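Based on the hints, put chain B in the right spot on chain A.
Protein sequence lines correspond, in order, to chains A and B.
Numbering-wise (this note's numbering), the first sequence opens with residue 1 and increments by one.
Numbering-wise (this note's numbering), the second sequence opens with residue 1 and increments by one.
Some hints here could point you the wrong way.
To be verified - With a Cα cut of at most 27 Å, we get these calculated DSSO-like pairs of lysine-lysine:
{"hint": "1", "chain 1": "B", "residue 1": "K432", "chain 2": "B", "residue 2": "K225"}
{"hint": "2", "chain 1": "B", "residue 1": "K170", "chain 2": "A", "residue 2": "K479"}
{"hint": "3", "chain 1": "B", "residue 1": "K116", "chain 2": "B", "residue 2": "K39"}
{"hint": "4", "chain 1": "A", "residue 1": "K71", "chain 2": "A", "residue 2": "K201"}
{"hint": "5", "chain 1": "B", "residue 1": "K39", "chain 2": "A", "residue 2": "K485"}
Don't read these hints as lab results, they were simulated from the structure.
Since this is a predicted model, take the numbers as computed values, not measurements.
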Amino acid sequence: MNILSLLIFSPLLFGLLVLVLPDSLRNLFRYITLFATLLQLVLSVWLYIHFKTGPNFAGISNEGQYQYVEKVHWIGLNLGGMGKMQIDYFVGVDGVSILMLVMSSIVMVIAALSSWEINKNHKGYFALFLLLDMAVTGVFCSLDFFLFYIFYELMLLPLYFLIGIWGGVRREYAAIKFFLFTLFGSVFMLLVMLGLYFSVKDPATGYHTFNIIQMMNPANYDKDSIFSILSHQTLLGFPARTVGFIVLFIAFAIKVPVVPLHTWLPDAHVEAPTPVSIILAGVLLKIGGYGIIRICLGIFPEVATSGAFWLGLLGVISILYGALNALAQRDLKKLIAYSSVSHMGFVLLGIASQTAEGVSGAVMQMVSHGFLSTMLFYLVGVIYNRVHNRDIYSFRGLGTLLPRYTVFVMIAFFASLGLPGFSAFIAEAFSLLGAFNSHVFNGLLPTWMAVCGSVGILLSAGYFLWTLQRMFFGETHLKGGDIWKLALTDLGKREMIALVPLALLTLALGVMPSLAFDKINDSVLALIQFMHTK
Amino acid sequence: METVLTHSDISVIQLAVTAVVLPFVAFLLNLFIVPRQSKLSGVLSGLAIGASLALSVFVFFEVWNQPALHVQQIWFTVGSTQIRLGIWLNNLSVLMLLLVSAIALPVHVYSIAYMKGDNHYTRYFAYLSLFCFAMLALVVVDNLLLLYAFWEMVGFASYLLIGFWFTREKAIQANKKAFLMNRIGDVALLTGIMLVYTHYDTFDIVTLFGDHSLATAAATATATKSVTIAGLCFLAGAVAKSAQFPLHTWLPDAMEGPTSVSALIHAATMVAAGIFLLGRVYPLFNTEVLTVIAIVGCFTAFMAATIALTQTDLKRILAYSTISQLGYMMMAMGIGAYSSALFHLATHAFFKCLLFLAAGVIIHEMQHLKRKHRLHIDAQNINNMGGLRKIMPVTFITCCVAALALIGFPLTAGCLSKDGILIQGFAWAEGKGWAYSIIPIGAVLTSLLTAFYIGRLMFKVFFGESGLEGISADSEPEAHEENPLLYLPMILLALGSLFPLFSLNPLKFESAWIVKGFADMVNKTESSGELVPFLISALSVCVVLIAYGVYVRQKLQWLKFKGVLFNMSYNQWYIDTFYNGIIVRAVVGLSRAASWFDTYVIDGIVKLIAGTGLVLSRISAWIDRYIIDGIIHSITYFVKQAGNFIRGFQTGRVQGYLFTMLIIVLALYILKTFI
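One chain only, chain A, in its complex shape (with noise of 0.2 Å):
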């Protein structure tokens, strides 16, 4: 079985043992669960270690430059005089995917650690969880649109049941909300996915295919096929190719979530319970950007040149709007969760901005942001489990009661707005820097566009310095008296291997950016060349 397989299979067969043991030992489950989750972990290291980097493996547009694949027929459907459906099992990872592959298995750790408040129903708790992992991690490797679009539907399911389960008080309404608003995004996309499939021939077998990397030359395109670029088709009234991106574009961006597709976020992590807020922080908004680098850029790269502007200014707009939603927030998770949408849109402007500064920060952004949205909702959690609240109002000076936590907060809020030394600098600065040289380098953005950028710079320092002085500074006050001050204990064992390695690995990509940029460089540089050769 090839490693990549391995990988993404492995938390199925754990999550299978977690189903078949009795419920007696259920206090074992969380520790298969970690187990499982470390195991992902050596073998992504074991990947990126040995991941080679060159022009010769950049990947994107390159089907054989991709690394540790796997390709195996795998529905071989005969429909008659239409050929052969062919469907493969493709799995492979270039320098996109091997980052978001390393930080999502990371996340996955912390988040089974952060998993030992869970108090009800463990069996299905860990093995839903499992579930999860398998998924996320196949949607980063697939390179079949089929077997893509399974993982991406896959994910859907156990999250529901996660958050409309273990979540909080209005559980159900975020659960269903959720799984709404990504449905209505991937229903869609199963059209465009269809129709590319009736557009595209696999060259040596002349057959019909879902394979990714086929749907990014256009010469496999049946000539009048309807996503062809040549026969400049029309659906609705709209040309095809067109239609196409907006589509895909929706479903991912509402993952990422880019405004005004976003109300599902603050619903959705104030509900669900700690590992599950820090799995869709840290994981699910990174399929966003994900799609959109590998799938809109790689299927439809005309369009998305020539709709940069309006991406740009999406991503402008996120940045701003959530920036100052989060500015408005009581709620400490709220206030989080907007400020993640203020920061994706950093991903979806440097991608606008097609040049190789804008597309290393989107991806370095994602891979800082993977880390640091983690550790926030984990700090979260830590408060939140206490004394069942998070109204930035009901505490003050936590600082003189729990000093250790209070550094903590101090890291992953001043390195969340970017300051010099952490991986949200490196990324938000190269996501501007694109923006701003694109208008030199292919004139897709305004510079106006990264000055607005900045401005969320400063506005993310304005909430978090703000919360900071709020609930941190000043004399120790507590809105649940006596009571919450014995319950307020500072960071245990526990949550200290949770924060520390998150805390080192955020400050490592600060000072030393090259352990992501090193990875990405040919990818990013082959995907530039792309999509400009187009």
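Same frame as chain A, but now just chain B:
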């Protein structure tokens, strides 16, 4: 690199790096290893900065007036662009290296005594070392991105230290304000850096602003608009860091930090980073930007001086004085007096640091009196002080030196540097039209105001009788300044505030070694106003005498009137009131509006769609139940009723059947016959 470095050059660079890194080592040790409250931490940080100073001195003499040294290596690669990190040692960086460590050492020594007994003693020194590291690194790095990184890091260290006593409400408000206002400048600086990058495709300072640099070539070329904008962005960065109008209001509030921190960070070093930045990227500025710099500097100098006239908080007066003096430097940069700006930066660091350290001792003494006599007073209010010269002679004498240097009295270092700026100011304005001469005249006016406010401060604090009732200087034999760790640094700084450190000729600023070191940056102008400094000195003395008359002799009381001008000055030109009332409120209001929009409009639309779905589903459920199901029900009803009706015929009686048959036959017969 272009030239191969010799072995000794490499060792110089290594020493410079060591000088920068040592405080960082102290920071890490204090943070992770040294136990809390341990006395070791102060010694550790002090030793680290002492060693840095020694190394800096060595590096300074190796590099000063020698060809600049530059090494770099690849940091990381983005796409195909290599980002390099390295250090660039030229006159400017080694001067700053020396200055920062030379000021930091006395402050460290002072802090050991000043912070004694604080609950977070170790943490204090960790932060202080972090600051020193960031500041030293800031002045030597050769890459704009790194420069920005350390630029923010000094801001962060300053944030930590302003809010060092984090349970005090005022302190945490102040550090938030400081960081945010600096952030405004940072964003502008980042924008400037990116504009430069898009224009020249590199972050390398040497390539950009070194000899034969890209920017120098471009400044003369045609691409002026973006260069002007980039220049203004850099200026905005410097304006925030150096507390210039309109981003100056964080500095007075920053005085909530420990006084030793105010001395090092908010008077001598960090706030001067803005001036340093201007110096570093000087070739970028064209004439328009330079004029803007001069105007901003001159206005700030004047405004801050007028505010300092009426403040009553000892540290606030000094803070506004710092803003005013930084304005001087800014103005000097703007008028092309590059060397004088840096010269004033160096001299100002000494005497302003000294004034703050003295203020720390004075405030300690006042707090001591407050505790002893159980008074409810503000220990920093100068109205409560008075007559302190008798119990604190060392403080008094050193303060006198610093005050004279601030006024620019002959034989002090301040005289040399200030004269340089004023003379060059007049030379600059000459032949440019009357509007330009506002700037040197404003500078002269500011210089007189300076003499008055510092005179007022000195007389109120050290002369006359104590402002506290029932306490006279004679009854307080014990003074707090016995500790040599407190007064030795002050004496050292006082010596540094005199002329010999900077020039052997106390009257001619051109002979100062700093001015000579930057001679090639100056547009040579024959100084015409040799008389100007003497006139100003004489006028300053008069102003000080007036202050003496007002505050010691209690004459000329009409000068203490409280009119519109007084209120304007006392309320700091209402700038902060404006910021809090308008800008902060506007941002908070905007965020509330965004939140409202999010909840009711965007989520409202989502809910509307969901609601529409629900309503549609209800309607279809109704249709399903009452129409479709209704039709089916009615069909079955009809069938049932028909069956019931027909069932009535099945009676089982033969007569009935025969009768029915008869009727049917009859009916058929009738139908057949008649129709």
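Tested hints:
| no. | hint | in the structure |
| --- | --- | --- |
| 1 | B:K432 <-> B:K225 | holds, 23 Å |
| 2 | B:K170 <-> A:K479 | holds, 22 Å |
| 3 | B:K116 <-> B:K39 | holds, 9 Å |
| 4 | A:K71 <-> A:K201 | holds, 17 Å |
| 5 | B:K39 <-> A:K485 | violated, 31 Å |
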